[in-house]
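Could you put together the complete structure from these sequences and hints?
Protein chains: 2
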Amino acid sequence: MTPFSHPRATRAAGQQTRRALLDAAGPLFAARGLAGVSQADIAAAAGTFPSQVTYYFGSKEALFVEAACRGVLRAATEVERAGDRTRTPRTYVRALVDTALASPALLTFVEASLLVRRRQELAPRVRETFARLHAEGERAVVENLAKRGWQIRTHPGEEARGFWAAILGVALESAASGEAFSAASADATVQLVLSLYAP
Amino acid sequence: MTPFSHPRATRAAGQQTRRALLDAAGPLFAARGLAGVSQADIAAAAGTFPSQVTYYFGSKEALFVEAACRGVLRAATEVERAGDRTRTPRTYVRALVDTALASPALLTFVEASLLVRRRQELAPRVRETFARLHAEGERAVVENLAKRGWQIRTHPGEEARGFWAAILGVALESAASGEAFSAASADATVQLVLSLYAP
Numbered sequence: 001m002t003p004f005s006h007p008r009a010t011r012a013a014g015q016q017t018r019r020a021l022l023d024a025a026g027p028l029f030a031a032r033g034l035a036g037v038s039q040a041d042i043a044a045a046a047g048t049f050p051s052q053v054t055y056y057f058g059s060k061e062a063l064f065v066e067a068a069c070r071g072v073l074r075a076a077t078e079v080e081r082a083g084d085r086t087r088t089p090r091t092y093v094r095a096l097v098d099t100a101l102a103s104p105a106l107l108t109f110v111e112a113s114l115l116v117r118r119r120q121e122l123a124p125r126v127r128e129t130f131a132r133l134h135a136e137g138e139r140a141v142v143e144n145l146a147k148r149g150w151q152i153r154t155h156p157g158e159e160a161r162g163f164w165a166a167i168l169g170v171a172l173e174s175a176a177s178g179e180a181f182s183a184a185s186a187d188a189t190v191q192l193v194l195s196l197y198a199p
Numbered sequence: 200m201t202p203f204s205h206p207r208a209t210r211a212a213g214q215q216t217r218r219a220l221l222d223a224a225g226p227l228f229a230a231r232g233l234a235g236v237s238q239a240d241i242a243a244a245a246g247t248f249p250s251q252v253t254y255y256f257g258s259k260e261a262l263f264v265e266a267a268c269r270g271v272l273r274a275a276t277e278v279e280r281a282g283d284r285t286r287t288p289r290t291y292v293r294a295l296v297d298t299a300l301a302s303p304a305l306l307t308f309v310e311a312s313l314l315v316r317r318r319q320e321l322a323p324r325v326r327e328t329f330a331r332l333h334a335e336g337e338r339a340v341v342e343n344l345a346k347r348g349w350q351i352r353t354h355p356g357e358e359a360r361g362f363w364a365a366i367l368g369v370a371l372e373s374a375a376s377g378e379a380f381s382a383a384s385a386d387a388t389v390q391l392v393l394s395l396y397a398p
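Residue numbers (the numbering used here), protein chains in the order written: chain A, 1 to 199; chain B, 200 to 398.
Derived by calculation from the structure, the hints in this document are not laboratory data.
Fair warning: this is a prediction, and the values are worked out from it, not measured in the lab.
For each residue, glycine too, the CB sits at the ideal point set by N, CA and C.
There may be inaccurate statements among the hints.
Unchecked claim - Where chain B lies over chain A, by a calculated footprint (3+ residues, C-beta under 8 Å):
1. 53 to 65
2. 123 to 131
3. 148 to 160
4. 163 to 172
5. 187 to 199
Structure, rendered in structure tokens:
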């Protein structure tokens, strides 16, 4: 063992604990929201001490925001992959909408976006996540158009922003309706985004 | 005075108190959210006793949901009126989006939609409000198309649903950004809805 191996090992263990907390927190928050989950619940699910939530994230709220942002960015990656497997604008847009709405992180992200109104110190992470959603979404649209030779009626960045706005709105309506998602509003989002595609 | 005048007067006074509580609660909740406003705050602003919140609404949360739903339905009426004053599809859609996003009730309604996930007894009012937003929106689109002779690429009901989904999403992003609203995402929503309009 070199004198440096111990700090390295500690850092790796720390990263592992941090990831374990995030992995455990994601599904708990998705199912029960911020108020329905305690630090003790998360620690129990992650196999850590409750104090480690504070040690690694600062607060339960900060872990909530981090889990929400990580979750929605993962959903965005899955959305892009789902789009790649389709052949027509209609099946492409349908796959984007259905894959996005299937993510359990969406409502956690909606709740996180509201939370940071009164927790300004946590707002930068949510803002940065919106910016990444839009930037990655724009890049994905540009690449997809180039690859397929499809055309749209607006700027690719506007497709990406409009897509995520409508998806978050449908997720919110689904929360109120108690359904997995509102099928009619999902269909409407497909039509809205699809109408960008010529002809 | 007839024997009936006293009950009638009492009922009228009750309706006035109820309305005073709603009128006072709307701006307070819009500015500070559910957790940031107490029954005593609302009662002080309305000139009533704190116990009257419970008497007329059952709980602060029920008053919150009622204020949110009333507020967003009023916004919908204003959106329709703003659309009437325009002449082209572009100015029409722009007016709808800007008027909707200017409503302080939007974020209260977003928060109410999340709240009812864990307050199932309050969910019917939010669901009914989504249904009215969509039904009134569809009627407004149908009337507008008939009056102007404009055509759209999808069903009017889908324009209405897609519009409100995207509006709620933009309102949410604005909450996180701390701005009045996210101008780029508002523009994207305009483009998305406008792309429904032929040619």
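Hints, verified against the model:
no., hint, verdict
1, 53 to 65, "violated (count 0)"
2, 123 to 131, "holds (count 4)"
3, 148 to 160, "holds (count 7)"
4, 163 to 172, "holds (count 8)"
5, 187 to 199, "holds (count 8)"
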